[in-house]
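Chemist: Listed here are the chains, written in short residue letters.
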Amino acid sequence: MTPLIVEIDGMRFELGWREAAALIVMRFVGWGAVTLSDLELATGNYVSAISTVARLKALGLVNEYNVRGFKLFALTELGEKVADELRRRAEGLGLWKPVEEALGGAR
Amino acid sequence: MSEAFNELRELAKAVERAAGAIALMRRRAARHHIEGEVPKRQRPLLKLEAGGTQLEVTDKQAAALLVVKGGGGVEALNAIARATGLNSRLALGLAKQLEQMGLVKLVAAPQRKVVILTPLGWEVAEKVEQELEKRSSVG
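Chains as they are written, first to last, in this note's numbering: chain A, 6 to 112; chain B, 729 to 867.
Hints were generated in silico from the structure; no laboratory data involved. Hints should not be assumed to be uniformly reliable.
[What the hints assert, rightly or not] Cross-link-like lysine-lysine pairs, in silico, DSS-like; alpha carbons within 30 Å at most:
1) Lys-62(A) - Lys-768(B)
2) Lys-62(A) - Lys-741(B)
3) Lys-741(B) - Lys-102(A)
4) Lys-824(B) - Lys-62(A)
5) Lys-833(B) - Lys-76(A)
[Said to hold, decoys possible] Stretches of chain A that chain B covers, calculated by requiring three or more beta carbons in the stretch to come under 8 Å of a beta carbon on chain B:
6) 27-35
7) 98-108
[As the list claims (entries may be wrong)] Part of the chain B face toward chain A, derived, beta carbon under 8 Å:
8) Asn-734
9) Ala-746
10) His-760
11) Glu-763
12) Pro-838
Glycine is no exception: its CB is placed at the ideal position from the N, C-alpha and C atoms.
Bound-form chain B, shown alone:
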């Protein structure tokens, strides 16, 4: 049997198995699907400069960044939900908002979601932490 034929057979098998898995995964995903919604009740907490731009960070964004930083830069979305008191839909919206700001990367499968700080997000989280420590020592 020629090498080309064997390679074709491998590719055909790969595609067939992938197609079966995709079909099943998409059926299962329908049970887990949620749309993110940005939380409406967010209070501006502080303004800071990071990555050469001015950023305004809300209380919920700050909490989420600190939770992810506390996890070493990677944290499950449901840990953010717990820390901020948001349901999973709002926590997902918050994570997407942070992703649009370039502060986190959201790695999401339907049943599991992970939030990862970007270098800019790490810098912002550190500044938020310092600012909150300063405020608590003054207060």
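The shape of chain A in the complex, shown without the other chains:
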């Protein structure tokens, strides 16, 4: 499988589609943080969500907030930049329409 390669601020990130999907969701859904069950929707299942978020955290793209048994995940500034680059690239290739439709024309 060929990863998506994104270079931001002199750093190179190799992302699979699950990681890219999670970043896009977190950046463009319209609020600041998501739950693990939200990430399950993007990545396919619980196990994928766990491994995806672990990798994104290790790359410095996502912060985890753990409070009394529940977890919230939010993009770091770097994560936002990577998500923006994914959008820019998808728009350039004419792939972004499904996200625009999901947002109901809000963006």
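Given the structure of chain A, go ahead and fit chain B onto it with the hints provided.
Modeler: Structure of chain B alone, referenced to chain A:
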């Protein structure tokens, strides 16, 4: 198959899955959506200096800061609601007010909201705690 084509396929799949998730999340969010409203009945509790500026802290703001400090700097919004006796709408308004003052960061998903003390918020919470201890020992 070329590498560029494979990369395009990965991106297309990512966008498609993200779009599906976003659509579903936004439908679900409508059930949880609340607008924050700043509590009207707040009494000024103390004035203090933090981060080089003078701040006036109300009773509810002080309570919220102490709750978050008690949680180690991170606490659920509903813990603030319980401690202050506010409903979730007013607690959200209070958290947004504290965020505008630069004392907390609000990390919010529709169904879950977390309040995090900023360094300035931590300093203010410590000063509030010291002041209240001083007052109770005098009283």
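Chemist: Hint by hint, note whether the structure agrees.
Modeler: Hints, one by one, checked against the model:
1. In summary, the hint linking Lys-62(A) to Lys-768(B) is not supported, as the alpha carbons are separated by about 40 Å, beyond the 30 Å threshold.
2. Restraint check: the Cα-Cα separation between Lys-62(A) and Lys-741(B) comes to about 22 Å, which is no more than 30 Å; the hinted pair holds.
3. Only pairs whose Cα atoms come within 30 Å are accepted, and Lys-741(B) paired with Lys-102(A) is accepted, the gap being roughly 13 Å.
4. Of the supplied pair hints, the one linking Lys-824(B) and Lys-62(A) holds, its CA atoms being roughly 26 Å apart against a limit of 30 Å.
5. Restraint check: the Cα-Cα separation between Lys-833(B) and Lys-76(A) comes to about 16 Å, which is no more than 30 Å; the hinted pair holds.
6. For a cut-off of 8 Å, the count of residues in the stretch 27-35 of chain A with a CB near a CB of chain B stands at 6, and the three-residue condition holds.
7. With 8 residues having a beta carbon nearer than 8 Å to a beta carbon of chain B, the stretch 98-108 of chain A meets the requirement of three or more and the stated coverage holds.
8. Interface restraint check: Asn-734(B) against chain A, minimum CB-CB distance 4 Å, threshold 8 Å, status holds.
9. The beta carbon of Ala-746(B) is positioned within 8 Å of a beta carbon in chain A (closest approach about 4 Å), and the interface hint is therefore held.
10. Interface restraint check: His-760(B) against chain A, minimum CB-CB distance 10 Å, threshold 8 Å, status violated.
11. The closest approach between the C-beta of Glu-763(B) and any C-beta of chain A is roughly 13 Å, which is over the 8 Å cut-off, so the hint fails.
12. At about 6 Å, the closest approach between the beta carbon of Pro-838(B) and any beta carbon in chain A falls short of 8 Å, and the interface hint on this residue holds.
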